[in-house]
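Required output: the full structure, derived from the provided sequences and hints.
Protein chains in written order, with the numbering used here: chain A, 1 to 470; chain B, 471 to 940; chain C, 941 to 1440; chain D, 1441 to 1940.
It is worth saying that the hints were derived from the structure and are not from the lab. From a predicted model like this one, the values you see are computed outputs, not experimental measurements. The beta-carbon is built from N, C-alpha and C at its ideal position, and this holds for glycine as well. One thing to keep in mind: the hints can contain errors.
Unchecked claim - Ranges of calculated distance between the beta carbons of each label pair, as one might list FRET restraints: (1) B/Ala495 / A/Leu217: 57 to 65 Å; (2) C/Ala1427 / B/Lys670: 19 to 27 Å; (3) A/Leu217 / B/Gly527: 52 to 60 Å; (4) B/Gly789 / A/Asp318: 50 to 58 Å; (5) B/Arg540 / A/Glu453: 17 to 25 Å.
Stated by the list, open to error - Capping the alpha-carbon separation at 35 Å, the derived lysine-lysine pairs in DSBU-like fashion look like this: (6) B/Lys790 / D/Lys1861; (7) A/Lys300 / D/Lys1498; (8) A/Lys320 / D/Lys1471; (9) A/Lys50 / D/Lys1471; (10) B/Lys790 / D/Lys1816; (11) B/Lys673 / A/Lys320; (12) B/Lys790 / C/Lys1344; (13) C/Lys1315 / A/Lys320; (14) D/Lys1471 / A/Lys216; (15) D/Lys1471 / A/Lys203; (16) C/Lys1225 / A/Lys320; (17) C/Lys998 / B/Lys520; (18) C/Lys971 / B/Lys686; (19) C/Lys1361 / D/Lys1498; (20) A/Lys320 / C/Lys1293; (21) D/Lys1471 / A/Lys388; (22) B/Lys673 / C/Lys971; (23) D/Lys1725 / C/Lys998; (24) D/Lys1861 / A/Lys300; (25) B/Lys790 / C/Lys1316; (26) C/Lys971 / B/Lys670; (27) D/Lys1498 / B/Lys790; (28) C/Lys1163 / B/Lys770; (29) B/Lys790 / C/Lys1361; (30) B/Lys790 / D/Lys1815; (31) B/Lys770 / C/Lys971; (32) C/Lys998 / D/Lys1471; (33) B/Lys520 / C/Lys1293; (34) D/Lys1471 / A/Lys243; (35) D/Lys1498 / A/Lys320; (36) C/Lys971 / B/Lys520.
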Amino acid sequence: MDSITDPLGEMNVMVDQLPNRGREAEMLQSMGLETMEDLFVDIPSEVRFKDELPLRGPQSEEEIIADARRLLGSNVAMGGRPSFIGAGLYRNYVPAAVFQLVTRGEFLTAYTPYQPEVSQGMLQAMWEFQTLISELVGLPVANLSLYDGSTAAAEALTCAVRVHNRKATQANTVYVSELIPPDKMSVMENYCQGAEIVIKTLKHHDDGTLNLDELKLAAGSCGVYLEQPNPLGILDEGLITVKDIIGANTALIVGVQPISLGIVEAPGHYGADIVVGEGQPLGSPVTGGGPLYGIFACTKTYLRLMPGRIVGRSIDVDGKEAYCLTLSTREQHIRRHRATSNICTNETLIALMGAMHMALLGPDGLRDLAHRNLAACQCAKEILASTKGIELVHAAHHFNEFSIRVPGSAKDCLAYLDENGIIGGFDLTTWYPQYNDQILVTATDQTSLRDIEALSAQLAMWSMHQGVSA
Amino acid sequence: MDSITDPLGEMNVMVDQLPNRGREAEMLQSMGLETMEDLFVDIPSEVRFKDELPLRGPQSEEEIIADARRLLGSNVAMGGRPSFIGAGLYRNYVPAAVFQLVTRGEFLTAYTPYQPEVSQGMLQAMWEFQTLISELVGLPVANLSLYDGSTAAAEALTCAVRVHNRKATQANTVYVSELIPPDKMSVMENYCQGAEIVIKTLKHHDDGTLNLDELKLAAGSCGVYLEQPNPLGILDEGLITVKDIIGANTALIVGVQPISLGIVEAPGHYGADIVVGEGQPLGSPVTGGGPLYGIFACTKTYLRLMPGRIVGRSIDVDGKEAYCLTLSTREQHIRRHRATSNICTNETLIALMGAMHMALLGPDGLRDLAHRNLAACQCAKEILASTKGIELVHAAHHFNEFSIRVPGSAKDCLAYLDENGIIGGFDLTTWYPQYNDQILVTATDQTSLRDIEALSAQLAMWSMHQGVSA
Amino acid sequence: MSHLFNHSGAENTGYSQPQGLASVNEPSIPKGLLRQQSARWPRLSEPEMVRHYTWLSKRNFGIDTGFYPLGSCTMKHNPRVNEVIAQLPGIADIHPHQPEHHLQGLLSIFYEMQHMLEVCAGMDQVTLQPVAGAQGEFTAIRCIQEYFRQRGETQRTKVIVPDSAHGTNPASAAMCGFEIVEIPSLADGRMDLAALAAVADETTAAMMITNPNTLGLFEADIKEASQIVHDAGGQMYYDGANFNAILGITSPGLMGFDAVHFNLHKTFSQPHGGGGPGSGPIGVKSQLAPFLPGPLAARRSPTAQESSSAVDEYWYHWHQPEHSIGKVQQWHGNAGAVIRCWAYYRRYGNGLKTMSEHAVLNANYLRHAIHREAKKEGVSHLFVDGAETDVAKHEFTLSMQPAKEALGISAMDVAKGLLDKGYMAPTVYFPLVVPECMMIEPTETESKDTLDTFAEQFVQVLQTDAETLHAAPVTTPVRRVDEVYAARNLCLRHPFEDAE
Amino acid sequence: MSHLFNHSGAENTGYSQPQGLASVNEPSIPKGLLRQQSARWPRLSEPEMVRHYTWLSKRNFGIDTGFYPLGSCTMKHNPRVNEVIAQLPGIADIHPHQPEHHLQGLLSIFYEMQHMLEVCAGMDQVTLQPVAGAQGEFTAIRCIQEYFRQRGETQRTKVIVPDSAHGTNPASAAMCGFEIVEIPSLADGRMDLAALAAVADETTAAMMITNPNTLGLFEADIKEASQIVHDAGGQMYYDGANFNAILGITSPGLMGFDAVHFNLHKTFSQPHGGGGPGSGPIGVKSQLAPFLPGPLAARRSPTAQESSSAVDEYWYHWHQPEHSIGKVQQWHGNAGAVIRCWAYYRRYGNGLKTMSEHAVLNANYLRHAIHREAKKEGVSHLFVDGAETDVAKHEFTLSMQPAKEALGISAMDVAKGLLDKGYMAPTVYFPLVVPECMMIEPTETESKDTLDTFAEQFVQVLQTDAETLHAAPVTTPVRRVDEVYAARNLCLRHPFEDAE
Ligand SMILES: Cc1ncc(COP(=O)(O)O)c(C=O)c1O
Ligand SMILES: Cc1ncc(COP(=O)(O)O)c(C=O)c1O
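Structure representation (structure tokens):
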């Protein structure tokens, strides 16, 4: 009997990623060097680490995935229970084909298509994405993504100022709906402050719709930013008249939930100059809030001052159809500090998932998806409206979310629902401290009647505990 | 306010798979036909279904995956608890790269490479697979898979008879180890009976090793089938001498657990003429027992009478290296009822997963994997040997499984372990009714010390319940 | 050119492992069994491995790459969600020997699939154990063999097979020990009832046939054929490779068959994976059911204790047929393939007929379009239908014999010409009864546009001069491969340095 | 040629849906908002969609396809397990607004990543919120801006940037409202300390620089530069795009920097996906930490109630920095990318230094091999090092100026020639300070064999006649694309029938 001593003792788990592990000496020698240290003679010793990095040891694939399953497994996935949280990001079903195609190495492991001859696949896919978005929002121009919905909105504001400032009677000024969540507003402020843009707010009526009278104050400014549906889920017919009120030299910027456009009119068709939005519901899971992709579309007026990468259709030397990045002179790698934006790496792959989802859905599929969201929302509204102790805050049309008023603190109510295995919605106190008894309830295509009934039952229980009589 | 009526009512969920749904009339018309029925005029009404198929309605992707998650989720996955069941199929970790590459559409959705010019990828991959298997088992020829380990063993027997029958002193006779599980034996019998082959059994000693004295009876037969490790996990040094005993005109067929060959001598190096085995542990999860892939390798003597598809290296008309199927004259599509086997569809994709796993492992990785199995098995043996009430049945060397004797019925003991969340092993009564107090315990690279300790603790509890004093 | 065995790299592995228990336990094996020389496998890192197989995949053609009209193979789209389902731990990570209460989900799906196939085929009992069509044939013929043995009819030593049958039919019957009686087809490719009547007698165990036949034609006389065989005391066996044409419209049961195999991977779209895996369940009438390989999925009412872990109102369990022939695969067949096919079935449900209708619609449309384009371009004289008929079923055959005679253009030349157009070629030289045969099966998942374009390109190939076609393909990763060279200079593995 | 918008198919969808609640509830919206005209999206079935995107993918080049020596972009292998991890429901299906006790796993990973980056960079606090390198720059410069505002140093309106800097550096600082002061590099590509000293003054808010610099050279004077800027009262900003060269060897902290961004997607291998997503965390010294965007992951001992749902001995929670600038992305950054990068980090752990060593080994080896092959073939005179140095770091530059002058072969010609050899071309014309620049970064995941072959092929391209190179590439899906035509004939979307 033979015993094998410590066969794995010397094994280095990172060897599977480093093809030249074990060939260092050979390679160094051919360069006339002796040790790895010889490669670092140019780094002065006073800036060198003296010790090994004080970090944990390397792990193998098996250990990493085991830890990932353990740690991520301890997170509560929305799909595991009735879940009514949305507030800008929406749990949806992404068809299996999307994942299987987007993870093909040719897409996944490519860089920005600087060499168009070997990047036609991604370039054409992005040109098609531009077309899909353009059709979706009803505007002729779209870029191939910004970081997320918030930066898209922020860049729309600075873009509007660049375009309109010269003629604006309210120079360096933009108006934004007061309902915009503070997190998003904060992004806008950060992006606007460098150009010294003043952001003023637009009031809404108590029913959640825009105050069109006050809107008149915005005329002559560089731009107005509104959302449809608005952050409380309300579909506001008033937006159709906004462009007439603010006039041609003030950009109407509309933020959209893209799935709603399967049934709701495209803002480009009621005068929007720029349409932005969080693309996530088309093609991507929520993923803890990123990666997402920001939609940015506009009229030709904004084309040469807009942010982000754009693909154009061209020809090759044989006259064959070909695609390439175009209008790059707006961008940082050419225009440097005069660029329209600093964006370089964007969200192409997530936009590609969006394109794939859109290509699968087609116009009918998008309509169906919008209907399912709308129907689930209406169904939830009806059931919660007749739930003891619960009130709908706005008697309006909603797309896929709406506010309810609960007896007592929204925070406590959500904690109670959570203890009973329900993610009951979004605590509106987070956005608007004054609304401390309001919850934003989201119902999507993934919401079932059973989910809604469970929510209703638990809300009724909570109301009872709060002393609302049955 | 406008209401949208039943937008989805007419929707047919299978439309996403049928591109010409909605274009039927147009297509029929261009052929001069009117209805779909016109396409079926050749089917006499007396053989037609009168009614719709009495089956459930169609479902959409979302509904199907929800049902799949519910139904398959109700199965108890081995990975969710300490699991010691093996007995021919082994839970292992398949590196992530394998799945991501094997599901590339060009591999996944191809048919048998009848047109070599556009199938070089699969052909080369399978030629490489042949090489990997050939090197693994130490024989010059390998085919590109049979259905599973059992049919590979069965086809090896009929192949041995085809080759050796003319010179055999025991014509139409093969010898098979008595330990071969009845399910596998049954497959062999089904495959052998058509050629009127008599299967005789070979005895083992009480310690599980082959009775080499009795083996002499097999000399002059067409073939001898043995396994290394044997079905009880025993590594039997005696097999090294078998070829000398049975002689040149009797095929030595050895069934292997491929991972063991990272440390155990390749049968081709101790005289095996044919090596077969269940390929699953290399590249594939257990998958409820299929798809798997049968390994089949042999010396050149058997080449022209062996079963299964083979790839050869060739050249194209420009003299460029190219691959194609070869030696097809053995196969059913050419030789029809005189073919060496009826196999047509085989297990190429699973073999490809095997090839990818082997390519990732390399010789050192295979050795490490074998060591991990061996070490886990030894560790389990040691701990169970000192567990109250438990005895090891064989004081032998084992690869990754071994038999224990429990106080009382193996069936009851396994049920007790199951109630305590442990899949304790394989009830040997299933194979050998006389061993009703024996369990085959498997420990692989995926077995942790904690798993083994849990098993030991519960076995000790069981023993106590059975009255074995602590 | 990427080669797995040309990697002369470092002492590397592409998959580093934790030591696991090898760190606490010194592994040992009998000295004489210690492997002396490692396998000469390559030493790749993960990046190199990923690039190698990506490269290989790019040299391969699948349905995802383009139109794949390979007759008899039913190369339809593989719905993508099925791959997700097949990787759920509830199928990927279960062992066939786990107790029944661990496998209620699997068993219920097996039961549902058995039942669905029984309904569709008009059979009494289905087993999912055979893992491919050929193994299904073998299994069913074995059952028929045991059936006759039990009845004492041991003189039934022959199986009748039409000359147009797929090679696996005679091969499977021969593997069971039967003698094969081949009967010729009629000039129009259909079964010759007279020839059948002439050979069917008390030595006949079974007749094996597919319908629609391998020419894509429905054998309208099938009931008569069944009658002849049954009158002679034999059993009728249905080769289900062409089931895609008739699902929900007719069934082997209605036609008088006693046994049938399904090429589940074709009809229900388990991806073919470059040659497999497949799944070849068989269905039989009641007289053969006791002989089926076991176990089968069965169900009954659950006990009180069981109902807590039941997936629906039944308790599912394994069941062993009374006179089972035993097993043909060691476990329960290709469960992973069955799951995918179940997911496929669920998509159509009682609408499976629509699927078959579209398969037949597409085949007839393509046939029509090819003739239309050929007429337009004046090359109709270069080919004829493999069999005359008004309507084909899910596939059709063309004979290139006229082109061969007129211009020296063979079916193989046309096939290679089509490769240059970016298509997979149709099946060629099968069935053998059609000279210079091309067998074309578009399947239901191809669009009208694809069919129209293919028809145009097909006719363009026919307009190409013979010399160019002899030299085709030129746009493929390699050009025409020398199969004779491969057979004469056998090189079945990498020769390493010590060239063998 | 496959076109998404040339599908004139049936009223189809590639994704059929269940009616869901739309069957029980009649959806309604305000009449005036009802969409009048559907988007002219294609109507594809799933099979057509799968084939379209498969086809597109085959016209794209990624690391998986071949060697991708794109300087500054760190195109290393993306370990495959990371993609599996990123699709686990515990990351894919969580909402950033879920309560902390739902997200302990995520928070602990965020904490671990913050800590790891702090250790590696020698910084006091890291935030993971910025989603790309450029956004990291913007964020850090915003923090510096607020820092000075709080200190009342509002006269600090300038940011110093070397002329070799990446375009995002000046663009990001300008977006914050700073004036850019560009300083020229020395002839050898290194930073000009004198030029820096000349411009650094009380108006200086920060200097932005990367080290090793964009020529792949380590700026040995970096501490002096920090001193100059600090003496002037400014902050030092480190562009971490080249961090792959120095991990575990030195750190921005040791060099005297106050803030740094990481291109996590480069150094820690989030796949670049054809342009994104990325992840651009920043790390800062303590004086800047109160200004970071929030929330950050923090930890403390759990309460008794919490410890049951804790993942380890800590309770993880979000923490808002005191004077936070607010947010730069609406949520917590690209969490999915952070998870992949965490998985990547875990593979190396405290061995990250080995990774950097191999990156530098490979870059120097390739540089050496190219010179070696060029000498062998007698074409050494056709290019010069972009900067003279004994050792490069993780990348190096070559100037094709001599080839341009001698033969009319430009860097772009060489790039296109390399495409014909099956490679992605190196970065060209960046940094601008090197004429006819090629910037080559092999990364640590390429084998010696790949490097040797590339060196040979590179030299072969240099031996190709100018005319052939001007016409290159010829083997690619399309040939040289006319970028001027694209800009002059803007076609940014499918024109449909009503060509615009
Ligand atoms: C008509 C026919 N019968 C039988 C078979 C054999 O089926 P399998 O390849 O699944 O073994 C095939 C498939 O090739 C076939 O086309
Ligand atoms: C040197 C340098 N700095 C900054 C950046 C910008 O990073 P990102 O593309 O992630 O925004 C890059 C990447 O292109 C770079 O190479």
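- Falls inside 57 to 65 Å, the C-beta gap from B/Ala495 to A/Leu217? 58 Å, holds
- Task: Starting from B/Lys673, check that the Cα of C/Lys971 is at most 35 Å away, please.
- Result: Since the Cα atoms of B/Lys673 and C/Lys971 sit roughly 24 Å apart, the hinted pair holds (cutoff 35 Å).
- Do the alpha carbons of B/Lys673 and A/Lys320 lie within 35 Å of each other, as the hint requires? 75 Å, violated
- Given pair status - D/Lys1861, B/Lys790, alpha carbons within 35 Å: Roughly 18 Å separates the two Cα atoms, so the pair holds.
- Does the alpha-carbon distance linking C/Lys998 and D/Lys1471 stay inside the 35 Å limit? Between C/Lys998 and D/Lys1471 the Cα gap is close to 52 Å, so the pair fails against 35 Å, i.e. violated.
- At the C-beta level, are B/Arg540 and A/Glu453 separated by a distance inside 17 to 25 Å? 19 Å, holds
- Query: Do the alpha carbons of A/Lys320 and D/Lys1471 lie within 35 Å of each other, as the hint requires?
  - Reply: Between A/Lys320 and D/Lys1471 the Cα gap is close to 46 Å, so the pair fails against 35 Å, i.e. violated.
- Task: Please work out if C/Lys971 and B/Lys686 have their alpha carbons no farther apart than 35 Å.
- Result: Between C/Lys971 and B/Lys686 the Cα gap is close to 24 Å, so the pair holds against 35 Å.
- Below or equal to 35 Å on CA atoms is what counts here, so check D/Lys1471 against A/Lys203. 24 Å, holds
- Message: So if I understand the rule, the pair passes when the alpha-carbon distance is 35 Å or less; does A/Lys320 with C/Lys1293 pass?
- Response: Roughly 44 Å between the alpha carbons, so the hint for A/Lys320 and C/Lys1293 is violated.
- Message: Tell me if the straight-line CA distance from B/Lys790 to D/Lys1815 falls inside 35 Å.
- Response: Holds, at about 31 Å.
- Is B/Lys790 close enough to D/Lys1816, meaning Cα to Cα at most 35 Å? 29 Å, holds
Figure legend: structure checked against the earlier numbered hints; hints not met, in rising order: 2, 4, 8, 9, 11, 16, 17, 20, 23, 24, 25, 28, 32 and 36.
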